[in-house]
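Line by line, the protein sequences give chains A and B. Residues 1 to 462 (the working numbering) make up the first sequence, in order. Residues 1 to 462 (the working numbering) make up the second sequence, in order.
Think of the hints as simulated: they come from the structure by calculation, not from any bench. All C-beta atoms in this analysis are idealised placements derived from N, C-alpha and C, irrespective of residue type, glycine included. There may be inaccurate statements among the hints.
Stated by the list, open to error - Quick list of the computed label-pair ranges, beta carbon to beta carbon:
{"no.": "1", "chain 1": "A", "residue 1": "451", "chain 2": "B", "residue 2": "213", "range": "55 to 63 Å"}
{"no.": "2", "chain 1": "B", "residue 1": "457", "chain 2": "A", "residue 2": "85", "range": "28 to 36 Å"}
{"no.": "3", "chain 1": "B", "residue 1": "81", "chain 2": "A", "residue 2": "451", "range": "23 to 31 Å"}
{"no.": "4", "chain 1": "A", "residue 1": "56", "chain 2": "B", "residue 2": "202", "range": "55 to 63 Å"}
{"no.": "5", "chain 1": "A", "residue 1": "157", "chain 2": "B", "residue 2": "383", "range": "54 to 62 Å"}
{"no.": "6", "chain 1": "A", "residue 1": "22", "chain 2": "B", "residue 2": "214", "range": "26 to 34 Å"}
{"no.": "7", "chain 1": "A", "residue 1": "97", "chain 2": "B", "residue 2": "81", "range": "20 to 28 Å"}
{"no.": "8", "chain 1": "B", "residue 1": "237", "chain 2": "A", "residue 2": "85", "range": "31 to 39 Å"}
{"no.": "9", "chain 1": "A", "residue 1": "97", "chain 2": "B", "residue 2": "215", "range": "13 to 21 Å"}
{"no.": "10", "chain 1": "A", "residue 1": "22", "chain 2": "B", "residue 2": "213", "range": "48 to 56 Å"}
Protein chains: 2
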Amino acid sequence: MQDLNSVMAKAVTARESFRKWDAFQIIALLEAIAHKLDGAASELIPLAGSETNLTEVRLTGEVGRMSGQWRHMAAVLKKGDYLGTVIDSADPTLQPPRPELRKTTVPLGIVGIFGASNFPFAFGVGGCDTAAAIAAGCPVIIKAHPGHIETSRKVFALMQAAAKSLSAPEGLFNLVEDFEAGVEFVKHKDVSAVAFTGSTPGGRALFDIAQSRKDPIPFYGELGGLNPIFVTEEASAKNATTIAQGFLDSVNLGAGQFCTKPGYLILVNGDLVRNEIVNLVPNVATHAMLNEKIRAAHDLNRSAYAGLPFVKLLAQGVATSDAIEPITIFEISGADLLANQEVTLKEVFGPTAVVVNCQSNDEALAIANAFHGTLASGIHGEASDKIISLGLLDILVRISGRVIWNSWPTGVAVTWAMHHGGPYPASTNSLFTSVGADSIKRFRRPVVFQNMPTELLPTELK
Amino acid sequence: MQDLNSVMAKAVTARESFRKWDAFQIIALLEAIAHKLDGAASELIPLAGSETNLTEVRLTGEVGRMSGQWRHMAAVLKKGDYLGTVIDSADPTLQPPRPELRKTTVPLGIVGIFGASNFPFAFGVGGCDTAAAIAAGCPVIIKAHPGHIETSRKVFALMQAAAKSLSAPEGLFNLVEDFEAGVEFVKHKDVSAVAFTGSTPGGRALFDIAQSRKDPIPFYGELGGLNPIFVTEEASAKNATTIAQGFLDSVNLGAGQFCTKPGYLILVNGDLVRNEIVNLVPNVATHAMLNEKIRAAHDLNRSAYAGLPFVKLLAQGVATSDAIEPITIFEISGADLLANQEVTLKEVFGPTAVVVNCQSNDEALAIANAFHGTLASGIHGEASDKIISLGLLDILVRISGRVIWNSWPTGVAVTWAMHHGGPYPASTNSLFTSVGADSIKRFRRPVVFQNMPTELLPTELK
Chain A
1 MQDLNSVMAK AVTARESFRK WDAFQIIALL EAIAHKLDGA ASELIPLAGS
51 ETNLTEVRLT GEVGRMSGQW RHMAAVLKKG DYLGTVIDSA DPTLQPPRPE
101 LRKTTVPLGI VGIFGASNFP FAFGVGGCDT AAAIAAGCPV IIKAHPGHIE
151 TSRKVFALMQ AAAKSLSAPE GLFNLVEDFE AGVEFVKHKD VSAVAFTGST
201 PGGRALFDIA QSRKDPIPFY GELGGLNPIF VTEEASAKNA TTIAQGFLDS
251 VNLGAGQFCT KPGYLILVNG DLVRNEIVNL VPNVATHAML NEKIRAAHDL
301 NRSAYAGLPF VKLLAQGVAT SDAIEPITIF EISGADLLAN QEVTLKEVFG
351 PTAVVVNCQS NDEALAIANA FHGTLASGIH GEASDKIISL GLLDILVRIS
401 GRVIWNSWPT GVAVTWAMHH GGPYPASTNS LFTSVGADSI KRFRRPVVFQ
451 NMPTELLPTE LK
Chain B
1 MQDLNSVMAK AVTARESFRK WDAFQIIALL EAIAHKLDGA ASELIPLAGS
51 ETNLTEVRLT GEVGRMSGQW RHMAAVLKKG DYLGTVIDSA DPTLQPPRPE
101 LRKTTVPLGI VGIFGASNFP FAFGVGGCDT AAAIAAGCPV IIKAHPGHIE
151 TSRKVFALMQ AAAKSLSAPE GLFNLVEDFE AGVEFVKHKD VSAVAFTGST
201 PGGRALFDIA QSRKDPIPFY GELGGLNPIF VTEEASAKNA TTIAQGFLDS
251 VNLGAGQFCT KPGYLILVNG DLVRNEIVNL VPNVATHAML NEKIRAAHDL
301 NRSAYAGLPF VKLLAQGVAT SDAIEPITIF EISGADLLAN QEVTLKEVFG
351 PTAVVVNCQS NDEALAIANA FHGTLASGIH GEASDKIISL GLLDILVRIS
401 GRVIWNSWPT GVAVTWAMHH GGPYPASTNS LFTSVGADSI KRFRRPVVFQ
451 NMPTELLPTE LK
């Protein structure tokens, strides 16, 4: 195992000197990193392709998204309201008299980050968590995902080079590769928060370690979701082909390896959509999954789901090679799903999803209520459709962090209003997002200065 | 034990109907409760006095503070920015195209609340956590503190009466009294967050339960602090009497039963302050502690501290009755404190505090670094004093949620900029405050609506 203590000692030194950087210096660093990453796209894309089987088109988009996240964080710093400054003037006439209070936020400390398998760039070593932590003023210690170790090293080297060109402290970026080192930094006294994107069991195990520390630390785990999409009875009658095609495209994106994959399509008397799915599946071409371990896990989980007595195979694509898992759509009746929630509501990571056939709006509402927390959910229909008046939207708001109308959950815009999170197990803390402007808030902590002399106040409070 | 399931079933019903209340309705409820509580002050004050030994002056102020919290939450709702609304318009020219995203926050769900022993009103059944949760749109289930059960029942009845007068849902306010019921609601599937004010061991035990649930929930524990106050060498020379008197007044407030009591006064060559404390202690009149159990615990903890070989008794007041614990000031050298941090840095709840005699600024800085997270900390001095240039303020910002200049930590203004929280163990989540406008943010969760028809959006997003 790497010597974590010497890594952490450098990070502590960096924490203290980075704290003195002003927003303009950090903005320059964020933009230098974005520039450096873009400049290396032609190296990064084939490297990641060789490690993950993801397509060139997808990886090209993802490098742009990665650098875009750094630029967006620079924009967040320029806007400035992430600081959360609030000032109360002194008021000696009140009973009790009110002192002068000036509140801002400060960097939380060193942040430990676990990159995801499925987005080597956007959620990897140089992904959204790293960009948000650095923007917040926090050094990072990153656990590289073993699924794309060379890509991780390359991205890390690019960030380091950009940091060096601006004389950033040496220990600002730190990379570890051993599984044990990741577990150890979650326990380390000098780590102040952890961000994680990955599976529910892996995330939960690390969450438990972070919470059982002598001093528990914030653990921001994004653990995925089932992302149920409801199709109203009226929409099934009107737009069966469009909905069926959109669903299959979204399930198949990146070989189904998205945390926002629409895992369940709930139909109310929706045979037209169901039948169109059967017609369209043979045209769906799947690419190879990230690696053999993930492919094997998909195969196993899909087989387990297929083995449930009340589950039927609705349609399956054709595998053109051993490395490829074909798109697989199961179907189940609403009644059977409700009667067997413990086994029927399960994420199968990969190009597999479930069509749920309901016979009434009430059954579909009961199913909406049966879902646990999820990143996203959605409705295909019109505002005047019957199930809307029965309260479907209220239920989806209760279970999810993003509710989508007449579109699909894959694709998470990096922007001001985005929220990527949701009730457990979508997130371990549903109040925070891992994508978008507010993701920086995970890594800053309020401090209020009472009656402080002006010359000692942080710049933004003067 | 009370039947928790029937209580929770009513709270769930209330959650769904209260969700439909608009901000104006909730504002009316908050103001009605404030009015009702003020109107009963003449009953509440003697009742709480008989249960807690707190003085009439103190309790009169505290009733005003309690009702003031409800009114302040009404002002927060009127201002509206607690909603955190952000809107991104659609942009089809971007690659990938950006959908329309409208973000707001929604009530988190039912909130479990544990009232504190030491503030029967401000942090009690009708205290800051309850006001913030109701303002956030969340029903509450409150565990009454056994130290003032009749006061708790009376405050609860007043809130219920105000709620009834505005036809609020029946299960909006719920009170439980058994210890077991409190533990059970932390585990209950329909409780979505917990707020707690009290001791570190008690809060940590409940935190552990909340985090080990199948679906962990936010636990906002305010567990107190040692609240170290540093006196610069220059200030000791100039203002010894004022500082000594201010320190003793702050330690003695409410018989030392404040989570913001200045537990440690760190002097650098500050014999003038030390000697003034010795002179002034005989004039300090302490009142009886909250109850016999708390008095006995103070006596025990004070004895344990007195028994440490490197701790000396600096000054002690006179107890005028058996119920009264006299003010007690210990002293210890900076070197001994540093060499024995595990035993010397300990909260003694009650009118006891410690003077730390340092021989140099470096020693005082090392001591600042030795403190764990604390609610407040402070400095007496001038901006030009030597220890400031050596970085004392940076250290205090790192360990605390509020940093105070030339005043004392007791007294927490209920206002826009207040932050009452800090790194663990001050708070179990240092990003949130339990007092002031932002306390409402603990109980709302972001949701983003993507491409949603206007007629289906929450009012604030239309």
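Output the indices of the hints that this structure fails to meet, ascending. Violated: hints 1, 5, 6, 9 and 10.
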